[in-house]
Amino acid sequence: MDFLLTEEHLMAQKMVRDFAQKEVYPTIKEWDRKQQMNPDVLPRMGELGILGISIPTRYGGQGYDYVTLGLACEELERVDTTLRVVMSVHMGLNSLALLQWGTEAQKQKFLAPQARGEKYAGFGLTEPEVGSDVVNMRSTAKRHGDTYVLNGEKMWISLATKAHHFLVVAKTDPAAGHKGMTAFIVTNDMKGVTTGDLHGKLGVRAGSTGWIAMQDVEVPLENRLGEEGEGFYVAMSCLDNGRYTVAAGATGLIRACLEDSLKYSMSRKTFGKEIARHQLIQQKIGFMQQWYDAARLLYLKAGFMKNRGMRNTRETGMAKWYATDHSVQAALEAIQIHGAYGFSDEYDVERYLRNGKGAVIYEGTSEIHQLMQAEYALGFRQDRPLRCEMPAYDPSWQEG
Amino acid sequence: MNIVVFTKSTPDTAAKVEVDGGGKVTWGNAQLVLNPWDEYSVTESVLLKDAHKVNTTAFAIGDEIHNDALKQALAIGMDNAIRIWDAGMSGQDSLGFAKSAAAAVKKLGDVGLVIFGKEFVDVGTDAQVYQLARLLGCTAIGAVSKIVAVDFNAKTIKVERMVEEGKQTLTAPLPAVISVLKDINEPKSPSFIGIRKASKAVIPVWSSADLGLGEAASGAAAKVSTVAYRNLPVRAGQVEIIEGGSERERAEKLVNKLLEEKVI
Ligand SMILES: Cc1cc2nc3c(=O)[nH]c(=O)nc-3n(C[C@H](O)[C@H](O)[C@H](O)COP(=O)(O)OP(=O)(O)OC[C@H]3O[C@@H](n4cnc5c(N)ncnc54)[C@H](O)[C@@H]3O)c2cc1C
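Protein sequence lines, in the order shown, are assigned to chains A and B.
Taken in order, the first sequence gives residues 2 to 401; the numbers are from the numbering used here.
Taken in order, the second sequence gives residues 38 to 301; the numbers are from the numbering used here.
A few of these clues could be false.
Subject to a maximum C-alpha distance of 30 Å in a straight line, what follows is the list of computed DSS-like cross-link-like pairs (lysine-lysine) [stated by the list, open to error]:
1) A:Lys110 <-> B:Lys234
2) B:Lys195 <-> B:Lys219
3) B:Lys299 <-> A:Lys23
4) A:Lys120 <-> A:Lys192
5) B:Lys237 <-> B:Lys183
6) A:Lys15 <-> B:Lys219
7) A:Lys274 <-> B:Lys234
Hints are computed from structural coordinates only; laboratory data are not their basis.
Based on the provided sequences and hints, a complete structural model is requested.
See below:
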């Protein structure tokens, strides 16, 4: 699908690559060891326009298409997964959902500053007791006139202590199952909102993952995203975009494993020749190339469908499942190729494994994705039209 | 008033440049990039443009591969890009380059300042900076680390130069040709708006006929010709491990060795 890429795509990709490699890579190990996020990352991504890459310019963004978003995510995760995680939550799970479901007023008030990089955005679905099984969530939202009062706790939330705006899903009617959920825009300055960081994670250590506690948080009606009872559909369409960024990013992680392995295997010698000359090493490299090409085709296909406004839940899910599973596989092979050095943080490949493992858990575990694909194939699952569909890419996004 | 930058696409500084079996210089499949020093000259021209409302033009002399550098200059924020080329220019020496550049500067007209990066990394020379200034009959100032002041109406420039002993401040009339060092600015990244403009840009090509150059700047007229390239000789290194009972003993042995070898 590379043949679909324009000069604009390639130049934007190079710009993001240069940012990640020149500005982030040199200190990434330090931040990873410290388990802290480099404080320059979010402001720079905002300044460069990356945080608004595929939001129309009339809402403060850069007006690029969904394919460019994917290419950017690939480049970001080629350097470090934490950079792509920013895009998954800020852009995929939050900003694009505002574009899809938001009222004009919500777009002006929340989306535009996010796209300009002035405000950072997160997404709160998971709770301490509930992940895959979202319908069983505990958080509640009780309506009193024009205000909803939210109570509950969200856990494993990327950028919890960094974001200003959160898209939070809570139960407005606990008896109504998935039809009893509603989405809200909660801001970190609301009374009753507290956040904190989680430490001791296996990977994405140079990123920010935490929790949000909500105690009697009064959220005005105008902050409700979509209708009451539409929260499940809002959340699922958020995942269509979040998973796209994860798929493209994991493709970048496979590329990282491949590129590092190519370099190492051509320089390390055993038994009188470069290890790249041993067929068992070539087998690993051959597989990595296969996984990279396939993962890239899958995400570009999803991006192509998004550009045209075609429903892509299945295709995006497939891209996410395939790329993340194979990025973990590629990282294991890359470590093996690096021998003992791969087992140390002197080289990057051990970080690839620790970072890649998260993505087979968030935004639908591999098991959930496998079930979904089987259900589509068996005809047990069908996508129904939504009240607000994701807008197709339109060249007018570049105007105004 | 125009500010002009001359740039080109060169191999990335990280690329492994070597001479192949046929005596040709290669850099494998490494990407071509905007000549790294030109990140500073392009950025400086954009900063001056924003501050002084002048027009900025990037030129490259060479075949289509140099469109990449020109597009990058546009993406960073320069206004126009023009490529100078025809097949006869192949094999041009630095004087030929300077003659083409001088003709282009004259054709563009009303040029107040020409900015070069420290050098073109592929050919490793800055002779063209001084040759161009000579042909234009204007001042050349190399190794500029800061533009202290520039007045395009009064036609004066005040700059700081890095010299071996420290910094030198000097003034000169405009037009001038300068070359700039890393200290001059923090290179700008391309912007998404710039990328959109650059990717749509069709870069005009001026030939030696357009520039009225005749044969003067052709490869055939080159006085300097490259005879051969050679790789650096492989350095034979020898490792010696210094043994000793204590750290102190090992350190003493090391110091004595270094003194013996006249390293310190
Ligand atoms: C680094 C990181 C960042 C995250 N960021 C966010 C964020 O920003 N916002 C957010 O809302 N969440 C976030 N999450 C949470 C993530 O989305 C959840 O962890 C994920 O949905 C899985 O939920 P769980 O951890 O509760 O696992 P569970 O749902 O408890 O699942 C446990 C295991 O059971 C398996 N399983 C569950 N159901 C089935 C089934 N039906 N059949 C077979 N197997 C099944 C799962 O695949 C898994 O292996 C993040 C997680 C991580 C690790």
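Quick rundown of the hints versus the structure:
no. : hint                  : in the structure
1   : A:Lys110 <-> B:Lys234 : holds, 29 Å
2   : B:Lys195 <-> B:Lys219 : holds, 18 Å
3   : B:Lys299 <-> A:Lys23  : violated, 39 Å
4   : A:Lys120 <-> A:Lys192 : holds, 18 Å
5   : B:Lys237 <-> B:Lys183 : violated, 33 Å
6   : A:Lys15 <-> B:Lys219  : holds, 22 Å
7   : A:Lys274 <-> B:Lys234 : violated, 49 Å
Of the numbered hints given earlier, the model fails hints 3, 5, 7; all others are met.
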